[in-house]
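Sequences are here, hints too, so could you generate the full structure?
Listed below are the residues making up each chain.
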Amino acid sequence: MTGVFFETGSLFSGPERDPAGDAGHPDPPERVGFFTDTSVCIGCKACEVACKEWNAIPEDGLSLTGMSYDNTQGLGASTWRHVAFIEQSGPHEVPEEVPDESQPAGDMRWLMSSDVCKHCTHAACLDVCPTGSLFRTEYGTVVVQEDICNGCGYCVPACPYGVIEQRADDGRAFKCTMCYDRLGAGQEPACAKACPTDSIQFGPLDELRERAALRVDQLQEAGVPGARLYGHDPEDGVGGDGAFFLLLDEPEVYGLPPDPVVTTRDLPAMWKHAGAAALSLAAGAAASFVLPAILGRKGRR
Amino acid sequence: MTGTPTRKGERRRKGEELMVPRAEFDSYYGRPVIKAPAWKDRDIAGYFFTGGLAGAGSVLAAGAQLTGRRTMAKTLKVSSLAAVSLSTAALINDLGRPDRFLNMLRVCKPTSPMSVGSWLLAGYGPLAGAAAASAVTGWLPRAGAAATGAAALLGPAVATYTAVLAADTAVPAWHGAHRELPYLFAASATAAASGMALVTSPTSENAPARYAALLAAAADKAAVTAAERRLGMVAETYRSGRAGKLLRCAQALTVAGAATAGLLGRRSRPAAVAGGLALLTGSALTRFGVFHAGLASAEDPKYTVEPQRRGQE
Ligand code: SF4
Ligand code: SF4
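For the record, the sequence lines run as chains A and B. Using this note's numbering, read the first sequence as starting at 1 and increasing by one per residue. Using this note's numbering, read the second sequence as starting at 1 and increasing by one per residue.
Warning: the hint list may mix true and false statements.
Listed below are the simulated DSS-like cross-link pairs for lysine-lysine, each with C-alpha atoms no more than 30 Å apart in a straight line [as the list claims (entries may be wrong)]:
(1) B/Lys40 - A/Lys272
(2) B/Lys40 - B/Lys221
(3) A/Lys52 - A/Lys193
(4) B/Lys40 - B/Lys245
(5) A/Lys272 - B/Lys221
(6) B/Lys245 - B/Lys221
Simulated from the structure, these hints should not be mistaken for laboratory data.
In structure tokens:
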């Protein structure tokens, strides 16, 4: 935790039952998270607006992208919820009870999904932050401390989901806090509160995982093709996400990486190779001084 | 790949099974999956170069001192101090909040290569400074020798940790080559330092620099080849576009510089200087090339998605 000079971190990867406790919080409350069920998202963007309002995030462009109804484009320093909008031409299953055979079956669908920081169990942004500005809260979430961040920008390329970003005019990094201030007051985050369809569900992570497993079974039984959970698995490359999703297509269709891995999983190997490379440098330099001495002596009559 | 989230050539009448396999890869309107760093190449690639020049320079300086090559020892100590000062300035300049640079030393975090590097620089910088000051003024030769030795011990770490800094990210061209990059950076740093030695020392002293240049050029080539083999389709980013151009020039200059120095540098001072300059430029271009390969691999979602998909199979 912050205030501790030596931050040793914890496990680099793999299942981790208690990220908050592991980060040094004695007796932490239950880990909380988001379950975003995109099958009921209507793309209203109430979450985007509520997030901007509650967190007083500055405006970051009012342009029209021309690519779809999505003019927000992606998560960033000043967009902590982003509703992806995908228009697909078929082929897609249509419900059996299509009434009128003369009507062509739909060969087009809209997918909508509200994306957010995943609050990874093994968060690369937090691991690489040199100032300790990014930290693990008692709720198991990942938060930037704005009074400490010096805008080194290391967290930006470290995040495997492309979430955190520096604000150009400010220099510091910003991202979703899972409404840390509201959690402290016993309130749910603004986006979950505002979502009219309960596509965004907030709660204890274990409970959400159970609920999500039931929901995906239900959808698969009903014949919804492509229904799958994403980020729910504690065995995955980031140890499971604190914010996970029910998707209706491959993750990359939504702009999500199919199999993200926390970069620090390989950090021990990197340090090992850097050590070996440093030794080779020293050995090469030594050889460069010894060789001319030997060869020079031979060369001389 | 335009990245529109539609699938090519798939049409279906009701009741038919989906027969056409899905397209190789979909993306969200071609938008990147990860975010490229906002780092400026002049600052960060420049920092990789100057850090390497400083670190490897300290090692060669210690060797020169031990073998009585006085000019070489002195000029390398001065160049290491200049390079580490420049690199620190570049690092601070690249911060979003330069006035908060001291926060870098707020904690010590082995999981953050940037934290480790800050501490490394905090230790190495004063040593390089003391070594150079003593060499130039002739004061406190004992302390100067001790500082030279200590800087030579930390130098290789200063030169190679930057590879871990780049590799410890989600950037495919950097992370994918995390085993090879440290060796490439070590080789490139040695090339730069030997180049500096060739430029600044007399031919009577430059034999070790010539050997080091030849070793570095060979190791550089081997490391790039190994990295590209490991990277698979992501290796495209090292071969095409801006990075490709930079890296091709880098290779040519490194090889030409080492060959010139190796063959002619013993007798001809101008040849040694020319070879040295080529080696220095080659090393700098290598770092800019690797930097831009990283940016290119972050900006196109296929370099993130396809290797992850392949890993799942
Ligand atoms: S999604 Fe990115 S920004 Fe969010 S916790 Fe994970 S690594 Fe950090
Ligand atoms: S930009 Fe700020 S939050 Fe991100 S790694 Fe640097 S100090 Fe930490």
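Hint by hint, here is what the structure shows:
1. Pair hint B/Lys40 plus A/Lys272 holds up; C-alpha atoms about 28 Å apart against a cutoff of 30 Å.
2. Taken as a hint, the B/Lys40 and B/Lys221 pair is honoured in the structure, with Cα atoms around 26 Å apart against an allowance of 30 Å.
3. This hinted pair checks out: A/Lys52 and A/Lys193 have alpha carbons roughly 13 Å apart, not beyond 30 Å.
4. With a C-alpha separation of about 18 Å, the suggested pair B/Lys40 and B/Lys245 falls inside the 30 Å cut-off, and the hint holds.
5. For the given pair, A/Lys272 sits about 21 Å from B/Lys221 by alpha-carbon distance, which is consistent with the 30 Å threshold.
6. For the hint pairing B/Lys245 with B/Lys221, the CA-to-CA distance comes to about 16 Å; that is within 30 Å, so the pair holds.
Violated hints: none; the structure is consistent with every hint.
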